[in-house]
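Construct all of the structure, not just a fragment, from the sequences and the given hints.
So the protein sequences, as listed, match chains A and B.
Counting in full-length UniProt numbering, the first sequence runs from 1 upward without gaps.
Counting in full-length UniProt numbering, the second sequence runs from 1 upward without gaps.
Don't read these hints as lab results, they were simulated from the structure.
Since the structure is predicted, the reported quantities are computational estimates derived from the model, not experimental observations.
Just so you know, even glycine gets a beta-carbon here, dropped at the ideal spot from N, CA and C.
Misleading hints may appear alongside valid ones.
Said to hold, decoys possible - Listing some non-contacts, in silico: residues in chain B with all C-beta distances to chain A over 10 Å:
no.	residue
1	Ser25
2	Ala213
3	Tyr272
Stated by the list, open to error - Some but not every residue of chain A turned toward chain B, in silico, with C-beta under 7 Å:
no.	residue
4	Ala35
5	Val40
6	Ser41
7	Phe230
8	Ser285
9	Leu305
10	Asp307
11	Pro309
12	Gly318
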Amino acid sequence: MPGLRTAAAVAGAALLARRALRRRIARSPLWPLPALEVPVSGRPRARAMRLAVASRETIADGVVQLRLESRSPGAQLPAWEPGAHLDVLLPSGRMRQYSLCGEPGPAGAFGVSSYTVAARLVADGRGGSRELHEELHEGAEVEVRGPRNRFPLVPSHAYVFVAGGIGITPLWPMLRAAEASGAHWRLLYGGSTRASMPFLTEIEKLDAGRGRVTVVPQDEAGLPDLSGLFDAVPPATAVYCCGPEGLMDAVAAVLPAGSPLHLERFTPAAATEGNEPIEVELRRSGRTVQVPADSTVLAAVRAELPDLPYSCEQGFCGTCQQRVVEGEIDHRDELLDDAERTDSMLLCVSRARGGRLVLDL
Amino acid sequence: MSNTQARLPQPVASEQTALKPRQVSFAWDETPLHWIPGDPFSTHTINVLHLLLPAGERWFVHVYKQILPYIKDDDLRADVIGFIGQEAMHAQAHDEVLPHLREQGLDPTPYTAQVDWLFEKLLGDRTLPPGRARKWWLMERVATIAAIEHYTAFLGNWVLNADELDRRQADPTMLDLLRWHGAEEVEHRSVAFELFMHVDGSYARRMRTWATAFGALVFLWQRGTRFFMANDPTLTDRRVSMRTFMERGREGVLPTTGSMARSIPRYLSRSYHPSQEGSTRQAAAYLASSPAATAAEAREKGVG
Numbered sequence: 001m002p003g004l005r006t007a008a009a010v011a012g013a014a015l016l017a018r019r020a021l022r023r024r025i026a027r028s029p030l031w032p033l034p035a036l037e038v039p040v041s042g043r044p045r046a047r048a049m050r051l052a053v054a055s056r057e058t059i060a061d062g063v064v065q066l067r068l069e070s071r072s073p074g075a076q077l078p079a080w081e082p083g084a085h086l087d088v089l090l091p092s093g094r095m096r097q098y099s100l101c102g103e104p105g106p107a108g109a110f111g112v113s114s115y116t117v118a119a120r121l122v123a124d125g126r127g128g129s130r131e132l133h134e135e136l137h138e139g140a141e142v143e144v145r146g147p148r149n150r151f152p153l154v155p156s157h158a159y160v161f162v163a164g165g166i167g168i169t170p171l172w173p174m175l176r177a178a179e180a181s182g183a184h185w186r187l188l189y190g191g192s193t194r195a196s197m198p199f200l201t202e203i204e205k206l207d208a209g210r211g212r213v214t215v216v217p218q219d220e221a222g223l224p225d226l227s228g229l230f231d232a233v234p235p236a237t238a239v240y241c242c243g244p245e246g247l248m249d250a251v252a253a254v255l256p257a258g259s260p261l262h263l264e265r266f267t268p269a270a271a272t273e274g275n276e277p278i279e280v281e282l283r284r285s286g287r288t289v290q291v292p293a294d295s296t297v298l299a300a301v302r303a304e305l306p307d308l309p310y311s312c313e314q315g316f317c318g319t320c321q322q323r324v325v326e327g328e329i330d331h332r333d334e335l336l337d338d339a340e341r342t343d344s345m346l347l348c349v350s351r352a353r354g355g356r357l358v359l360d361l
Numbered sequence: 001m002s003n004t005q006a007r008l009p010q011p012v013a014s015e016q017t018a019l020k021p022r023q024v025s026f027a028w029d030e031t032p033l034h035w036i037p038g039d040p041f042s043t044h045t046i047n048v049l050h051l052l053l054p055a056g057e058r059w060f061v062h063v064y065k066q067i068l069p070y071i072k073d074d075d076l077r078a079d080v081i082g083f084i085g086q087e088a089m090h091a092q093a094h095d096e097v098l099p100h101l102r103e104q105g106l107d108p109t110p111y112t113a114q115v116d117w118l119f120e121k122l123l124g125d126r127t128l129p130p131g132r133a134r135k136w137w138l139m140e141r142v143a144t145i146a147a148i149e150h151y152t153a154f155l156g157n158w159v160l161n162a163d164e165l166d167r168r169q170a171d172p173t174m175l176d177l178l179r180w181h182g183a184e185e186v187e188h189r190s191v192a193f194e195l196f197m198h199v200d201g202s203y204a205r206r207m208r209t210w211a212t213a214f215g216a217l218v219f220l221w222q223r224g225t226r227f228f229m230a231n232d233p234t235l236t237d238r239r240v241s242m243r244t245f246m247e248r249g250r251e252g253v254l255p256t257t258g259s260m261a262r263s264i265p266r267y268l269s270r271s272y273h274p275s276q277e278g279s280t281r282q283a284a285a286y287l288a289s290s291p292a293a294t295a296a297e298a299r300e301k302g303v304g
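Here it is, written out as structure tokens:
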């Protein structure tokens with residue numbers, strides 16, 4: 001009976017295969033499947049953490065310094081580098097960026113026990129600083145993302161730092177890093193009054209009487225004189241400036257050729273007011289669209305390309321991320337990481353500095 | 001055989017709702033490794049979601065971005081756009097659990113790197129000539145997503161009704177993640193199927209992709225549970241068996257094997273429509289009370 005014999009052979013093979021497979025699975029639950037060499041899932045991103053205000057002190061007139069710690073005692077937080085900031089989600093839902101000004105900790109994934117931020121009360125501001133001053137008392141809980149660094153300290157043999165008021169916060173860890181690396185540095189630090197300028201004594205102590213720090217309180221000496229700022233600096237000195245727009249423009253005006261200038265705007269233009277119109281070139285489709293000040297890049301581009309993917313229109317889902325070929329991006333989302341920010345943007349919320357963008361669309 | 005009205009998919013009108021992504025965020029500091037107390041097997045069986053969903057739902061988004069030009073119906077397009085954002089947030093939310101597992105000594109990377117390969121390479125955009133081959137591969141993947149969404153809606157409906165998890169005092173943050181996700185899956189359960197019926201609708205393709213998706217899900221799920229049980233640093237009893245799975249199903253901590261078996265012929269029925277299963281009203285009620293979803297709502301108002 002050939003039929004019966006075939007059936008018996010098939011059944012026997014099936015039994016053998018089942019037994020072999022069961023042994024195989026029992027021995028190693030993950031018998032080989034190909035894998036991506038650089039996995040995408042579970043990468044530590046700038047993820048949300050809930051921290052508690054461990055201490056709060058007034059370090060200058062109108063300036064409070066908060067130390068934030070994890071709620072589980074002894075937990076380590078991601079380390080950071082000078083220039084990094086933290087996105088702080090205030091109780092009202094506003095998201096604000098504050099530069100870190102404490103100890104960065106050793107380079108590596110985890111390594112600091114707390115974050116320190118300082119903020120000045122801006123009475124006529126957009127309400128974020130008022131909220132931080134009035135509601136974040138010791139023990140209060142706050143959600144943060146980060147740290148992220150959009151103002152990194154590049155290695156250099158010489159630095160010039162220019163700080164205006166609370167703009168000292170990202171520069172203060174930089175000063176210590178520059179001093180530790182043995183580089184030449186000098187600091188011009190302007191403010192309205194001595195009492196309102198944070199970290200003054202610490203900075204003077206760091207300088208150790210070597211005359212590298214010029215402090216210019218406006219009530220004693222007026223606005224800082226920038227004309228002598230770059231006298232006798234070595235060529236290719238890295239220049240770091242954080243402060244009001246006027247100060248940063250003035251520094252850019254007297255900058256010697258060959259010195260890279262690094263700026264940190266601590267009040268990014270508000271989300272809807274003061275927007276500039278943008279011209280967006282869609283390079284692959286060979287078209288150019290105009291984005292009015294009261295519209296988003298997404299809406300303008302969608303008028304030309306109706307099948308463009310998007311979803312949340314608030315900068316959190318990431319569907320409308322597109323590659324940018326040219327132009328300086330003004331990122332206004334909380335999603336992309338630093339590597340993605342160099343060459344892509346979320347069309348629904350982000351805009352451009354300088355009025356022009358070229359997209360790979 | 002004629003296509004009479006009774007044989008065509010019958011949507012339930014009252015189950016339609018407008019879809020919008022919600023910007024949720026979860027803090028995992030206080031979630032223990034075994035978030036169903038004293039039951040590592042059930043914990044890890046459900047934890048497999050965190051292994052599959054980040055890569056899987058990113059893949060959904062990737063495929064659906066390419067299907068937009070094929071949609072000729074404005075209501076469906078609006079649904080698909082809402083669906084994409086919800087899936088993108090699901091991927092992000094589950095992705096954030098993985099570093100927390102790693103901090104507790106259970107590194108998921110060996111497994112997730114394989115799932116990443118599966119979705120990014122094996123099921124990614126292959127080098128195909130534009131035209132028929134490329135469209136065939138796109139439709140095949142759209143049909144696969146419709147089959148997978150049948151199971152995500154099934155699981156979403158299950159977790160919304162799994163009162164046993166509350167009785168066993170499962171971690172509230174993890175339950176909120178699962179139920180927020182489950183409620184959104186129930187809310188948008190019709191989109192993937194309607195999209196498939198709109199752009200293709202072939203019954204042979206529905207059968208074929210269901211078989212692939214179901215087989216892959218069973219394979220990946222048992223493998224994920226075994227992986228977690230074998231690598232959990234705190235366990236002494238690492239046994240995984242179908243019998244334990246069925247027992248936990250009867251206790252109500254996991255879906256029952258019977259209900260899973262019964263859902264198979266429903267999907268393969270010619271008159272199947274996802275709106276016939278689950279309740280949009282129950283999903284909406286959960287979303288209105290979920291801590292994460294209400295915080296997302298407040299955040300949207302605060303920013304606006």
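Do the hints match the structure? See the list:
no. : hint   : result
1   : Ser25  : violated (4 Å)
2   : Ala213 : holds (17 Å)
3   : Tyr272 : holds (27 Å)
4   : Ala35  : holds (4 Å)
5   : Val40  : holds (5 Å)
6   : Ser41  : holds (4 Å)
7   : Phe230 : violated (41 Å)
8   : Ser285 : violated (14 Å)
9   : Leu305 : violated (10 Å)
10  : Asp307 : holds (4 Å)
11  : Pro309 : holds (4 Å)
12  : Gly318 : holds (6 Å)
Comparing the model with each earlier hint shows violations of hints 1, 7, 8 and 9; every other hint is respected.
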